[in-house]
Each structure stands twice: as C-alpha cells, then as structure tokens.
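Following the hints, put chain P in place on chain D, whose structure we already have.
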Amino acid sequence: MHCNNHHHQENKNYSRRDFLTKTSLGLGALSIGSLISPVNAYGKSEFLNLLDSEKMKLPHFIPKAKRVIYLFQSGAPSQLDLFDYKPKLNEMFGKEVPKSIIGEQRLTGMSSGQNSFPMAGTLFQFKQHGQSGASMSELMPYTSKIADDLCFIKSMYTDAINHDPAMTMIQTGSELPGRPSIGSWLSYGLGTDNKNLPEFVVLVTKGKNGQPLYSRLWGNGFLPSQYQGVQFRSGKDAVLYLDNPPGVTSGIREEQLKSLKKLQNIQHADIGDPEILTKISNYEMAFRMQTSVPEVMDISDEPDYIFDLYGEDSKNPGTFAANCLLARKLAEKDVKFIQLYHRGWDQHGNLPRDIKTQAKETDQATAALIQDLKQRGLLEDTLVIWGGEFGRTNYSQGMLKPDNYGRDHHPRCFTIFMAGAGVKKGVTIGATDDFGYNITERPVHIHDFQATLMHLLGIDHEKLTFKFQGRRYRLTDVHGKLVNEVLA
Amino acid sequence: MLSEILDFLGSLHPLIVHLPIGIILLTIAIDVFMRNKNNSIQRVITMGWFFSFFSGLLAVLFGWFLGDNGYYLESQITIHRWSGVALVGVFFIIWILRYLNFRFSRSTNRSINMTAIFLLLVTGHYGGEMTHGQNYLFENLPYVKKKISVMSISEVKRSETDSIFVYEDLVYPVFEEKCMACHNQNQTYGGLNMSSFESIVKGGKSGAGIQKGSPFESLVYKRVSFPQNHPKFMPPTGVPLSYDQIAILEWWIDNGAERQMPVTLARKEPKIQRLMELQYGLDLREKSYLETLKLRTLSQNDLKALEDERYIWRFINPEESFLDVKFTAKKIQTPDLLNIQKVKENVTWLNLTDCMLNDDHLNYLSAFPNLTRLKIQRNQSVTDSGIEALKELKNLNELNLYGTRISDAAFISLGKIKSLKKLFVWNTLVTPGGIQSFIEQHPEVEVIGGL
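In order, the protein sequence lines correspond to chains D and P.
Following the numbering used here, the numbering of the first sequence begins with 1 at its first residue and continues without gaps.
Following the numbering used here, the numbering of the second sequence begins with 1 at its first residue and continues without gaps.
This is chain D alone, in the form it adopts within the complex (with noise of 0.2 Å):
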C-alpha cells in the first residue's frame, strides 16, 4: 500500500464549493500557466506544483528521521538552573540586574512592578560532562551521562511571553489558535507507516498542575481531522469510548462498521464532503485501534531492567517515566510523531525547592529513553526533542533570599536539547551573555527550529502547506530558516 495515498485520495472528492473553486481557479491558473509557458501547461510545471502543493512529492529530500519524540516540558524549565551555566549571576548575587542588559524589554506584569531586579545565580552545582564538556547542573545526574549523545541549542528564543501564545507558538507555528500542529504537519505531509496507529499520538503525565493543556495543541487546526493527535490516556482506557460495550462483541461491531460505511459511501455520493471519508477512516482506525491500542499499552512484557533503567516510576502507568517507556515502544511500532507533555515547570517562586522535584520525574527517564531507543537502533531514525515554551528570568521574581528565588518568563533565550536522527552529536549551539539574558551567538527561533526540524523529516518547511481561506499556509507561515549547525 502506498502510504501517501489517503490525501491524495481526499483530494479527488471534491465538496461542491472545492469543485467551484478549483475549477474557477483552477482552469484559470491552467489557462495563465498554458500563457506563460505552453510547453509545461500539462507537465509538472512548477507552477501547477505551486498551485496543488498537495501533489508534490514527499518527502523533498532523503529523510535522516522517521519519527519524533516531543517531550514537552510545560511550563518553561529554567535554562539558568540547568543548562546556561552563568557563574557571573553567582558572583553579583542580589545586585541589580542591570538597565543595559535589560533594555527595552518587555516584562510580564507579574514582575514588572517590581522596585528591585536583583540577580539570583543558581544554587545548584554546574559540572562539565563527557568529551564534549556539556555544562548541567547537579539536577540531571543521568541526562548528563549521555551528554556527549545530545546537540543543545542554547541560543533559543520565541516572541510570545505567557504560556498559551507560547505553546500555541511552538506547536503549531502561530500564536493565535487555529493552526496545525507540527504532529498533524507530518503527518499530513507523510502519512502513515502503521495503519493500526494514529500518525500523532499525546501522552501526557498525569496529576500534575500549573499551566493547562488544550487539545488544541495538537489539533489539526485547519488540515483534515483525520491528522489531529489522538491521547493515549494512563489507566483502563487508554483511548476513551473505544472498547465495544458490554455485551457486543467484536463480530457485531464489525458487521455495525461495515453497514454504517456503506451509509456513509451513500451520503458521500450524494453531497461528497470530503470530511465523510475522513469520518469512515476514523471508525476504521478505531476499529483496529480495539486490539493495536491494549497491544501497545501493555508493558507487562518488558524485563525489570528496563524498567530498572527507566526508573521506578515507570512501573506506575499516567508518570512521565511511564509514558517514556510507552513513547518507546510506539516508536518501534512506527508512529510518526508522538508528543508528551510534562507539567509543573512554571516556578515564580520558590524554584530551588520545585525544580528538584520537576527534574527528578524526568531525568532518568529521559536518558533511559535515549539510551533504550539507542540499544535497539531506533535513534538513527527517531529524533528526540526536550524543552519548553520560553526561557527564564536571570533576575528574580519576588524576594531574592540566599536559599531561595523564583524566576519570571523569559522569551528572550532558552536552552533545549535534541538527540537522534541526523543531529549532531556532542555539540552546544548558540550562546548567552554573561548575564544569561541576551542571546550572544546564533540566534534560533522558534520557526528555525520548526524548519530544521521538517529537514531532519525529509521535508522543505516551505514546501509543505495548505490552502486555507484564501491562501497558503505552513508550519513556519512565511517564516523560518534551516539551523543549519545542527545537521550531522
């Protein structure tokens, strides 16, 4: 079966207004196409190719990954306790930031009105790991064995400063809800390479508060809904209302799919709204999701010392370490894009003492993760991505105390790290200043790190797009440039 099929598929059926508008358009954009160059009107002219992005052939280039795991720290990890080791903040601890290095910056209003800006160096221990001499801090002790396995981008920076506007942000490529998701993108643009999963597929760590998550973060926005995330949930269900219930067992079901299909094929005869097709595929999927799902969710199978190596809480289902270990075992069956997301990053105040807790639900699982899809040969071709939305302030929020501060967004750099699939190994990219305030070297926003991540898949960021009201969009909207220092 080609994969690529099923888009291509929806774009024969036309609803009655894609039938007006593409043959109004469309015949014209031939007629002007045949105008201005006779000889390509009916070949794969690169106009036409402009015209119907959807025809274009994908992947653009040779993929280095197939997969990729997000692991989403909401909230906004502070770089400055981690990463971005700043000993000068140590040094002038209490002092006033100063005015030159905060220019004209933006703050949020929980800190804007403070009278004092004083600089609160970090009250964790900063050590060199490995050959390539990675700086982190005594809170990611197993992260930062395998620092020689991961390509840190330091010099991140976004232009929204809350949460929301910074996930949305970072997920889809805009601010303003609406948009797809980068899991519903490639999956869009790639399509499956396991019909019994979703393509995008969320995890999310359970029982954890701060900043709330929307199911908009991975919604398909405006492409099909067939590409929107589906949740695997912690617990008896992993995919809500998918079990048959009591009493019907799966023949029925299937002789109740079959009828509704043929239904279905009717009404999309009669009005062909392209949105029917993708409701049968839906109940198709799910169809097959009743056994692939409990198949995958089941870790019974998996020897102690991977759970040894993933740490206790992977045992207990709905943890970060947990859905590690499940992110895992998607990625061996396949799935294109699988997003978790781990809460409680968001630390105003009294960071020293939540970032402890923070960093230890996620450290050891993170480097088994890596290590684990490294044994098995799932890293030359999935990428792992660890970060947040924004950074965090070098000055701090509310009271500075010896023992203890808090730290306001900070848009303005952030530290994430990448391991996998054609990155580099063993490299820092980008820099701050002293202050860990201003980015120094290389800058990357959020669009350059969207657009060098669609490279590692085989995709030119400016390429892939659909049309929507009126006009084209893509991940990157008009924005974004390849990283090109990450590429191994």
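FYI, nobody ran anything at the bench for these hints, they're computed from the structure.
Careful: at least some of the hints might be erroneous.
What the hints assert, rightly or not - Cross-link-like lysine to aspartate or glutamate pairs, in silico, EDC-like; alpha carbons within 16 Å at most:
no. : chain 1 : residue 1 : chain 2 : residue 2
1   : D       : K481      : P       : E277
2   : D       : K329      : P       : D354
3   : D       : K425      : D       : E485
4   : D       : K424      : D       : D148
5   : P       : K271      : D       : E485
6   : D       : K64       : P       : E277
Just chain P, lined up with the frame of chain D:
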C-alpha cells in the same frame, strides 16, 4: 533599481565636488581683479583661461611628484599624466592668443572649447580610476554585471564538491582579479609573475611568494594582509582582498598550499567550512552514498510486487526511486522475499523486524546492490551462518541484529562488509570481548552492544 541609481549618483560626488571649488575661486578672482574697471566680457574670458592655465600647471607639477613616488603603476598613470599635460598646453595657447588679442573665428573657438572639454574628461576619468579603482564609474549602475568571485564556481561544480580545488577554484580567481594586471608574464612588477602556480610559489625579488605551510613567511599572503596604509600593501589600488579571501588564502598556505588541495579538506576546520558555505554557497557536508546515487524512477508496474497489504513502503526521495520497505506480518516466507527482490535495485532501506526470518531467508537478501540500512532485529532464527550471505551487500551502512542469535563468529562475515558504519548487536550471543576485538580491527564501525 532606484537604490542602484542613487548609488551611481553618489559615486559621482567626488567628480562634481571639484566644480564649486574652481567656480567659487574664479568668481572671487573676477570680483577682486575686474570690478569697477568697466571690463568687457572678453577680458573676463581671457582671465578665466589664465586661471585655468595657472591652476592646471600647478596640478600637473604636483601630480608629477605624486606619480613619481611609486604608489602608482606607470601603465595606469600614462594616459592621465599626458592628457593632463596636453590640457594645460591647450590652456596656455588659448590664453596667450587671447592675451595678444588674436581673433578666433566662431568655429575655431568652438573646436578649441571642445578639445579642452574632451581632454578634461579623459584626464579626470583616468585620475578617478586611479584613486577609486577600475570600473568605479559604472560598477554601481543597474544591469552591470558585478565582478564577484562566487560567480567563478559553476552550479554544476558546486554540487560536486569533490571536484573543487582550493587553488584553482577559490584562490587563483582572486589572484587573477586582484594581482594579475601588474604581475603577469609581460609585466612582472617586483619580479613577480602570478600567471602560473610555479611562478607564484617562486615569488619575486623580495623573496618566495609562498612558503608552503607558513602563511606568515609567504609574501603573497603578507602583502595582502598588511594594514591598508602600509607602503607595501597589495593591491596598491582598487578594492583590497576581502576578509574571506584572505582567510581562505591563509588556510590554504597553512595546509601545505598544494595545487590539488580539495575544498573538502575544510571539513576539518568548521570556521573555513562555514565561510565557504556563506561566501561560495558550497555545501561541504559529507554526502552519503544515497545522496550521490541516481536510479530510474519506478513505474506502477514495478510496484505491483509490493501491492500486498503486508508490506508498508514509501519512497524516500522525490525522484521516487529509493524505497523504504517494511514487512509487517508476523511470519515472512520465501515468496515474500522474492517479491521484494523484484525491486532489489531500488530497495535502500529494508525492515524485517520480528517476522520469523531465518538463515535461509537471508540468502535472498544478498543481491540488493543499493541497500544501505537493514533491520533484521528480533528474529530468533537468525544465526552466524545466515549472516554470511550479507557480506555481498556492497553498500550496507547500518545493520541491526539485536535480539538475533548471532555470536562472535558472525564478526568474521561482518568484517567483510566494507561499507558498514553501524552495527547493533545488543541482546545477542556476542561477548564484550568479541565486540572489543572487532572494533580494534574495524575502528570505522560503531558497534552498539547495549548499555
């Protein structure tokens, strides 16, 4: 377009700025010497010619001294110098004749004026070229092709970085543009001829042009990297070498200044690599086998072999010639492998994980010429004897054998796969000692044998 025209007008400033200087002085002179004397316009004109002659004479004299101090080349000065002298001569003749009240006819007068203007333009233009560099006048005009060395590397060549040489493609074009006007077979200023590699190395009167391995003892490098006001700075006129041109020159001499040094050597020097990427658009990253491979596009007919639901496949390149194939059923059988063999040229990645693959099956995999990635992990029936068949795979980079029953004996066959870069043997019967001795013999292979 508009900004280019504005740039062009801007470059005319040094020319136009001369006008008010002369005109103001002349106006003041008229004001001082001729006021209240009821002078006729003819006398004013005569005095104008006198001033032209007098100031021109001073300019010639001072210019002569300037030209003699060695900053400029004889070939550049000649026209400027002698047209300047001629111009002053013309001024003198006109002034003398007018002073003697000689009456010119209208047409003679016109042609004399024309001659003066013509000589003025010639002198001025060549003077400008000396101070502002050749082509200074037109280089800012739109549609004038700019001389940038990036142009010297053709698109075709740029895609095949292996065939680009530092000297021939990057260094020599710079010499040609910046130095060859004065240092060639016919004109060897300072005894230096830069028209051939050997003669550049040999250098001129002051010493060797290039000391291989030491840029700071190579005169060619030293002269272009001096401060620009240094008397020996080269080139003496025109636009100096750019930062990247000097950096590449230094790097090239530092690394032995061989004529056939490939640009791919810059991979060892990230800064130079980045510079070449930015300045010349050269992508020097190492190309994988697949990136250099060209295969014909597969037809629908070819793909019939993979129509079965149990295969998941996709193209991994837009030309639709490289296949990534995965077998998804629980048990694979010989006919399934024969099916895949029908597109064996095109299968570049093959995934036969956990499908009860056995040693006999592996024989069907030996004839895949372009297979670079093979995943046959978690097949309990794969043993050392089956692995032997894989040594025929000439382009295999990555082989995943974890969870099979291979042992240290498999390393003998595996060592014969010359293209192998990565090997996964976790959860097999191989021993750490076996891995160790394999790595010692094949340091180019990364073996991942578990944590």
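Take a quick look at whether K481 (chain D) and E277 (chain P) sit within 16 Å of each other, Cα to Cα. 15 Å, holds
Straight-line alpha-carbon gap K329 (chain D) to D354 (chain P), limit 16 Å: 14 Å, holds
Within a Cα-Cα threshold of 16 Å, do K424 (chain D) and D148 (chain D) meet the stated pairing? 10 Å, holds
Going straight from one Cα to the other, do K64 (chain D) and E277 (chain P) come out at no more than 16 Å? With a Cα-Cα distance of about 21 Å, the restraint between K64 (chain D) and E277 (chain P) is violated, given a limit of 16 Å.
What's the verdict on K425 (chain D) and E485 (chain D), does the C-alpha distance respect the 16 Å limit or exceed it? 11 Å, holds
Distance restraint between K271 (chain P) and E485 (chain D), which requires alpha-carbon spacing of 16 Å or less: Holds. K271 (chain P) to E485 (chain D) sits at ~12 Å (cutoff 16 Å).
Going through the hint list in order, the structure does not satisfy hint 6, though it satisfies all others.
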